[in-house]
Amino acid sequence: METDPTFDKPQAEIPLLGGQLTPGIVRVGNTVRRPPKGNAVFVHDLLVFLQDQGFPFAPRFLGMDEQGRDILSYLEGETWPGSGSGLSDDLLEEAARAIRCYHDATVGSRLSQGQEIVAHHDLGPHNTIFQAGHLVGFIDWDDAAPSTRLRDLANAVYNYVDVSHWSNQAAPEQARRIHLMCVAYGWNDPLAIVNDFEADVQQALRNHEQAGRTGAIKIFAEEVSWMRLRAQELRLVLRASLVPRRPEE
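Heads up: the sequence shown begins at 116 in this note's numbering, then just goes up one per residue.
Warning: the hint list may mix true and false statements.
[Said to hold, decoys possible] In silico EDC-like cross-links for lysine to aspartate or glutamate, where the CA-CA straight-line distance does not exceed 16 Å: (1) K152 to D237; (2) K152 to D258; (3) K152 to D257; (4) K152 to D180.
FYI, nobody ran anything at the bench for these hints, they're computed from the structure.
Produce the entire structure from the sequences given, and follow the hints as far as they go.
Set out below in structure tokens:
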């Protein structure tokens, strides 16, 4: 394992802002310090594995500091400041190709535990570092666990395209961008992706109902109703192969 270059002398801790961050995450020199989560050992093993595989789009795990915090390499750049609807086609394609590279790296590994892959489970512009118009890497691996390509890719496409009811994009444009990411990834069934959107939102509502989260129940009940209609529109466009091309600029 690499030696952390900041061990020898104390450096200022700079709180990291942006994205959907865990409280207590700070930058120290060219490293990030963050409180470990419940599956920290699995995440440590995954990041070391990805480094050994030569996967370039994840921080390196460098050990733990004297406060028991994870030490990760710092990825230069910023998370996307708003909705994924503002991402360019090029960035969507970069994200899809990087996700495919990640999934392929975990196929058949001991970490996949007999499942198809190890999923990140929260890929999106809020957990992606960009710099100079390109994707640098993915952060916040706390939810990583064995799963399927479909589940992880669908969640990522939902976030990068922004297929929520807060998005201002019409269904034909969303369908075009969904199709774009599927092609870049090498996934030939965009309808399965859309079907998973709907199933995932419904499951989220059930989870909130079981937990008795009144505020979240109202929000997700509205999202389920909206997604039911939007998914129908997306399927209609995709089935008819009427995925419009963006006009030449």
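Determine which of the earlier numbered hints do not hold for this structure and return their numbers in increasing order. Of the numbered hints, all hold.
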